[in-house]
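Colleague: Spelled out, the chains give:
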Amino acid sequence: MDITFNLFGGTVHLWPWPPSIPFDVWIENFFDWFKETFAAFFDALSVVFETVFNAIDWVLSYPPDWAFILIAAIAALFARGRKFAIGTAIALVFIVSVGQWENAIATLALVLVATLAATLIAIPLGIWAARNDRVSAFVKPLMDLLQTLPAFVYLVPALALFGIGVAPGILATVIFAVAPGVRLTELGIRGVDKEVIEAGQAFGATPGRILRQIQIPLAMPSIMAGINQVIMLSLSMVVIAGMVGAPGLGDPVTEAVLTLDEGLGFEAGLSVVFLAIILDRFTASVGKGMGLYAQLAKARKQRRETAEQARIDAEIVEMEAHSAESTIATPAGDNSKV
Amino acid sequence: MNDIALKAEGLYKVFGRNAHDAVKKLQKGASRDDLNGATAAVIDASFEVKKGEIFVVMGLSGSGKSTLIRMLNGLHPQTAGTVTIGEDSITGVSAAELREIRRHKISMVFQHFALLPHRTVIDNVAYGLEIQGMPKEQRIERALKVTRIVGLSGWEEKYPSELSGGMQQRVGLARALSADTEVLLMDEAFSALDPLIRREMQDQLLELQSELGKTIIFITHDLNEAMYIGDRIAVMRDGRIVQIDSPEEVLTNPANEYVEQFVQDVDRTKVLTADSVMRKPFATVHENSGPRACLQAMRENGISALYVIKRDRTIVGWVRDRDILDLVRKGEKSISGAIQHDHGAVSKDTPLSDLFIPSLEAALALAVTDEKERLVGVVPRVTLLAALGGEPDAAHSAEPVVEPLPEAVVDKILDSSAEKGGL
Numbered sequence: 005m006d007i008t009f010n011l012f013g014g015t016v017h018l019w020p021w022p023p024s025i026p027f028d029v030w031i032e033n034f035f036d037w038f039k040e041t042f043a044a045f046f047d048a049l050s051v052v053f054e055t056v057f058n059a060i061d062w063v064l065s066y067p068p069d070w071a072f073i074l075i076a077a078i079a080a081l082f083a084r085g086r087k088f089a090i091g092t093a094i095a096l097v098f099i100v101s102v103g104q105w106e107n108a109i110a111t112l113a114l115v116l117v118a119t120l121a122a123t124l125i126a127i128p129l130g131i132w133a134a135r136n137d138r139v140s141a142f143v144k145p146l147m148d149l150l151q152t153l154p155a156f157v158y159l160v161p162a163l164a165l166f167g168i169g170v171a172p173g174i175l176a177t178v179i180f181a182v183a184p185g186v187r188l189t190e191l192g193i194r195g196v197d198k199e200v201i202e203a204g205q206a207f208g209a210t211p212g213r214i215l216r217q218i219q220i221p222l223a224m225p226s227i228m229a230g231i232n233q234v235i236m237l238s239l240s241m242v243v244i245a246g247m248v249g250a251p252g253l254g255d256p257v258t259e260a261v262l263t264l265d266e267g268l269g270f271e272a273g274l275s276v277v278f279l280a281i282i283l284d285r286f287t288a289s290v291g292k293g294m295g296l297y298a299q300l301a302k303a304r305k306q307r308r309e310t311a312e313q314a315r316i317d318a319e320i321v322e323m324e325a326h327s328a329e330s331t332i333a334t335p336a337g338d339n340s341k342v
Numbered sequence: 038m039n040d041i042a043l044k045a046e047g048l049y050k051v052f053g054r055n056a057h058d059a060v061k062k063l064q065k066g067a068s069r070d071d072l073n074g075a076t077a078a079v080i081d082a083s084f085e086v087k088k089g090e091i092f093v094v095m096g097l098s099g100s101g102k103s104t105l106i107r108m109l110n111g112l113h114p115q116t117a118g119t120v121t122i123g124e125d126s127i128t129g130v131s132a133a134e135l136r137e138i139r140r141h142k143i144s145m146v147f148q149h150f151a152l153l154p155h156r157t158v159i160d161n162v163a164y165g166l167e168i169q170g171m172p173k174e175q176r177i178e179r180a181l182k183v184t185r186i187v188g189l190s191g192w193e194e195k196y197p198s199e200l201s202g203g204m205q206q207r208v209g210l211a212r213a214l215s216a217d218t219e220v221l222l223m224d225e226a227f228s229a230l231d232p233l234i235r236r237e238m239q240d241q242l243l244e245l246q247s248e249l250g251k252t253i254i255f256i257t258h259d260l261n262e263a264m265y266i267g268d269r270i271a272v273m274r275d276g277r278i279v280q281i282d283s284p285e286e287v288l289t290n291p292a293n294e295y296v297e298q299f300v301q302d303v304d305r306t307k308v309l310t311a312d313s314v315m316r317k318p319f320a321t322v323h324e325n326s327g328p329r330a331c332l333q334a335m336r337e338n339g340i341s342a343l344y345v346i347k348r349d350r351t352i353v354g355w356v357r358d359r360d361i362l363d364l365v366r367k368g369e370k371s372i373s374g375a376i377q378h379d380h381g382a383v384s385k386d387t388p389l390s391d392l393f394i395p396s397l398e399a400a401l402a403l404a405v406t407d408e409k410e411r412l413v414g415v416v417p418r419v420t421l422l423a424a425l426g427g428e429p430d431a432a433h434s435a436e437p438v439v440e441p442l443p444e445a446v447v448d449k450i451l452d453s454s455a456e457k458g459g460l
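Protein sequences appear in the order of chains L and A.
First residue of the first sequence: 5, per our numbering; consecutive thereafter.
First residue of the second sequence: 38, per our numbering; consecutive thereafter.
Just so you know, the hints here were simulated from the structure itself, not pulled from any lab data.
The model shown is predicted, which means the values in this text are computed figures rather than measured ones.
Please note: incorrect hints may appear among the correct ones.
Said to hold, decoys possible - Below, a sample of chain L positions facing chain A; criterion: calculated Cβ distance under 8 Å:
| no. | residue |
| --- | --- |
| 1 | Asp-197 |
| 2 | Glu-202 |
| 3 | Ala-203 |
| 4 | Gln-205 |
| 5 | Phe-207 |
| 6 | Gly-208 |
| 7 | Ala-209 |
| 8 | Thr-210 |
| 9 | Ile-218 |
| 10 | Glu-309 |
| 11 | Glu-312 |
| 12 | Gln-313 |
| 13 | Ile-320 |
Backbone N, C-alpha and C fix where the C-beta goes; we use that ideal spot for every residue, glycine too.
The task is simple: from the sequences and hints, build the whole structure.
Modeller: So, in structure tokens, the structure goes:
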């Protein structure tokens with residue numbers, strides 16, 4: 005006897021062996037439905053992606069390349085120090101010299117848009133997952149899926165939804181790059197010392213306040229590491245983004261593959277590498293207390309501290325002067341023991 | 038009723054599935070081991086903490102003490118039972134009400150300090166006030182005062198990571214004190230500190246307590262610490278409170294074998310005081326009695342010296358048999374010439390550790406006086422030794438070793454003086 009029936013517009017066949025299911029038909033049907041239902045949404049999203057991308061691209065390509073390099077080197081000096089500044093300048097000059105400057109700027113813009121979008125998704129999702137085990141149980145396999153599903157597979161529906169251009173490139177990049185952002189945010193929030201959270205609770209802080217004043221600040225290193233990873237993964241997607249028509253360093257790479265042009269391939273490929281290293285070092289230095297900026301900040305803090313301490317000391321002297329009977333009695337504790 | 042700061046009644050905390058069934062089973066007398074996978078951390082804990090008291094909950098790790106203290110401010114919701122702080126119940130109230138109680142009635146000091154690392158000392162101290170909604174200037178002013186009280190003046194603008202462990206815990210203490218709550222929970226607050234700092238913090242806590250009069254519930258696994266700071270101690274084992282008593286009672290009257298074993302390692306010289314080991318004074322003489330009566334009393338008790346007291350039992354001094362003997366020989370009628378006034382009596386609250394030197398210096402069993410300087414007992418050296426051995430009963434039965442004059446000598450003197458017609 006046969007077990008065969010129709011389900012969701014396809015024929016399911018269970019017996020006799022081997023069974024077959026029309027999974028492809030289902031997926032196609034699903035995306036058809038998806039496209040129709042969310043057409044307006046994706047059109048809007050596409051416009052947003054393109055607008056933001058164009059804006060950032062315009063800003064980044066506004067200064068002449070030498071001015072950009074100068075600014076980048078100075079920024080590098082402040083963020084990390086002299087060595088990094090020199091390295092940044094040399095790497096960028098290399099990109100200019102091999103004629104990939106415009107592509108590099110486009111890639112940078114694409115990475116920035118994708119990172120922005122991925123961060124906007126990753127941080128709230130990560131926080132939610134950290135606070136809710138059920139969400140976490142759902143998010144974990146979803147992130148596995150996004151990270152391991154071959155990029156070309158979702159590139160096809162992305163193309164169908166957006167058409168050729170920068171938007172599907174950004175979407176594919178976001179999908180691929182969002183996972184570590186979510187994971188490291190969740191990990192960071194969950195890893196916050198339980199006792200410190202208990203301290204917040206014990207003094208009567210609301211959950212929102214604990215999140216803002218305790219969990220997020222203490223999880224910041226982990227969250228920053230997540231954003232750093234998002235940026236790095238975004239960069240590794242530029243080639244694939246280039247295939248669907250997004251401008252940038254993916255373009256020449258694709259071209260090099262098609263024309264077997266090793267020279268062009270390495271010029272563009274090394275440009276990606278340099279861009280990646282520069283972006284990685286920049287983001288990794290956030291909050292590490294490196295570079296000129298940290299030195300200046302330290303000096304400023306020192307001055308402020310001294311001033312504040314002087315103010316406090318003055319206040320104490322004043323307090324002692326005209327409040328012999330303060331609300332709290334002062335023990336004869338000696339500070340020398342401290 | 039009004040002097041009760043915190044009251045816990047029938048508190049249970051069971052983790053795992055079917056927690057409420059497990060509580061019912063426990064209430065019917067089931068043991069902790071047959072609960073079908075549920076884990077009972079606290080079983081039927083009931084106690085009252087008086088205002089201004091230091092109540093210590095003592096137990097080894099896994100005894101449920103940390104869970105218990107966290108139920109007192111609702112960090113762990115109880116499975117069954119009630120907790121009342123002052124007039125407010127914290128069990129069965131909404132989250133918002135609970136937060137309100139935590140802001141104003143009860144604060145907490147943590148084992149690993151739990152400071153906010155990204156905030157300065159002063160901002161950490163002001164944290165509770167910030168949550169209470171106090172305006173910035175006011176809370177900083179108050180935090181400054183408290184920071185000074187705990188001895189951290191000059192460190193206000195530092196970050197916790199720049200401070201030593203002891204100083205960090207002072208910040209933790211200041212944070213709890215500045216919230217100005219009646220009840221203070223301290224969860225192993227000094228356990229992470231090294232011994233010298235720990236003792237210093239204990240002293241400071243006692244000092245603060247006597248000045249501020251807070252109600253403190255202190256968790257520790259260190260019995261010496263419990264004995265040192267506690268007004269009363271609750272000993273926990275396997276989730277149950279097995280004894281609630283004063284430190285001395287726990288030491289001298291352990292409720293069961295477990296507590297007894299536990300207290301074996303305690304430095305009893307720091308906990309036990311003179312009045313817990315003293316014996317009834319041996320015969321004493323009145324300052325107006327004559328030398329012969331005095332000598333008689335010594336001979337009857339087989340001792341070589343006596344305390345001389347007034348009618349209201351305050352100590353005048355002491356006399357030695359040899360001096361009395363001289364008086365008898367001289368035919369004196371009063372012993373006043375032989376009284377030595379350096380009696381070295383100690384007050385009955387003196388810990389044993391402070392009795393050794395006086396005991397060595399005293400010519401006879403150390404006299405113990407009450408607050409009105411009246412003689413209430415004596416501590417012979419042998420008693421002191423017996424108490425150290427952990428056998429208070431042995432201390433009472435131990436015979437003092439004294440070397441009175443040979444009886445023959447005394448008799449001869451008494452007889453000879455009788456022949457002379459004296460007395």
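Colleague: Compare the structure with each hint and give your call.
Modeller: Here is what the structure says about each hint:
no. : hint    : verdict
1   : Asp-197 : 7 Å, holds
2   : Glu-202 : 6 Å, holds
3   : Ala-203 : 4 Å, holds
4   : Gln-205 : 6 Å, holds
5   : Phe-207 : 4 Å, holds
6   : Gly-208 : 3 Å, holds
7   : Ala-209 : 5 Å, holds
8   : Thr-210 : 7 Å, holds
9   : Ile-218 : 6 Å, holds
10  : Glu-309 : 5 Å, holds
11  : Glu-312 : 5 Å, holds
12  : Gln-313 : 6 Å, holds
13  : Ile-320 : 7 Å, holds
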